[in-house]
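Colleague: Residues in the sequence shown are numbered consecutively from 35, following the numbering used here.
Keep in mind that a hint or two might mislead.
Stated by the list, open to error - FRET-style restraints, in silico, Cβ to Cβ:
{"id": "1", "residue 1": "Ser97", "residue 2": "Arg128", "range": "20 to 28 Å"}
{"id": "2", "residue 1": "Gly83", "residue 2": "Val138", "range": "31 to 39 Å"}
{"id": "3", "residue 1": "Arg128", "residue 2": "Gly247", "range": "16 to 24 Å"}
{"id": "4", "residue 1": "Gly153", "residue 2": "Pro325", "range": "48 to 56 Å"}
{"id": "5", "residue 1": "Pro41", "residue 2": "Ser327", "range": "38 to 46 Å"}
{"id": "6", "residue 1": "Gly153", "residue 2": "Arg334", "range": "38 to 46 Å"}
{"id": "7", "residue 1": "Val132", "residue 2": "Gly368", "range": "49 to 57 Å"}
No wet-lab data here; the hints were simulated from the structure.
Even glycine gets a Cβ: it sits at the ideal position worked out from N, Cα and C.
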Amino acid sequence: MSLSPGPRNRITDVEGILVGNAEDHRIRTGVTVIFPETRCAAIADIRGGAPGTLNIQAMEPASLRNEVDAIVLSGGSMYGLDAAGGVVAALGARGRGVAFGGAVIPVVPAAILFDLVNGGDKSWGETPPYGALGRAALDAVGPDFALGNAGAGLGARAGALKGGLGSASTVTADGLQIGSLVAVNSFGSVVMPGTDRFWAGPLEMGAEFGGLGPPPAEWRGEAEMPLPPGFALNPMANTTIAVVAVNAALDKGALQRLAIMAQDGLARAIRPIHTPFDGDSVFALATGRVPLSGPAMLARLGHLAADTLARAVARGVYHAESLGDRPGWRSRFGPAA
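Given only the sequences and the hints, what does the whole structure look like? Please build it.
Modeller: Structure below.
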């Protein structure tokens, strides 16, 4: 069955999903908010050894409910969790959330990445910028948004290259919509050692990240794991955080399986992945607009979600511009389509 990117090739090709970015270029950090227009089911799958998250337990299958009002991805390490508080306050003021005894409680899970040593001015004292950045990102939500040095990807680094915010989508002839968004701040490399080719290259649609195709015929791989510049055993210095969304109706168990399968997209695009130094986290959203016909359809959705996430990783790095000590992919390897 034929597959193609959606019209924007972003997670917002899943109807009902909006995204907003906010950045502080002086600090070299930012926040991305994923906003479902209608509260929808969500789950998370955590595979890295050093995650930083908020409200993950509220989405677990054993919990009472798992619908969310927004998901926040942020730089700033633990300081970045304040971004979710800014989004909660703004949504509560709008009356968006779970109504309980006359109160309104927005449900906003979050994940953070480490960008505290990228050269930006982090001397914010007792007033970190993340609550304000969260509110600004929420105010900016819409169907179109920037990739690369944007939102939570502004200060990110991907191995020896500049990391960034990536997104991709897949639509099928029978009406399925699969989208992904990722802030790539990985310990591992997104390119094959000694080449300019993305690990996700075999999955590329069109020339969405350069159109380079497979690696050169003479490439035989490299046995040793490449280390990023200035590598040190810092268990909080990386993390790739992502969201996948589908337009299907999935219960908690099915949504958990989708998130588990989608994690393989990171393994198809970054090597090594899920290390002790990363906090790799993938959220899954289901908008419920298409009925789930059975486990075969779920397997298909999970497979497409993983491939779409892998493409988003490459797109995030492809679109990133050089910053600090990390060159952008296009700066290092030259212009590409």
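Colleague: Next, verify each hint and record whether it holds.
Modeller: Outcome of the hint check:
Distance hint check: the CB atoms of Ser97 and Arg128 are about 24 Å apart, consistent with the given range 20 to 28 Å. Checked against the hint of 31 to 39 Å, the pair Gly83 and Val138 passes, with Cβ atoms roughly 36 Å apart. Remark: the range hint 16 to 24 Å for Arg128 to Gly247 is contradicted by a beta-carbon distance near 47 Å. A hinted range of 48 to 56 Å for the beta carbons of Gly153 and Pro325 is consistent with their spacing of about 50 Å.
Judged by the Cβ atoms, the range 38 to 46 Å given for Pro41 and Ser327 is violated: they are separated by roughly 25 Å. For Gly153 and Arg334, the hinted distance range of 38 to 46 Å is satisfied, since their beta carbons lie about 44 Å from each other. About 51 Å separates the C-beta atoms of Val132 and Gly368, a value consistent with the hinted range of 49 to 57 Å.
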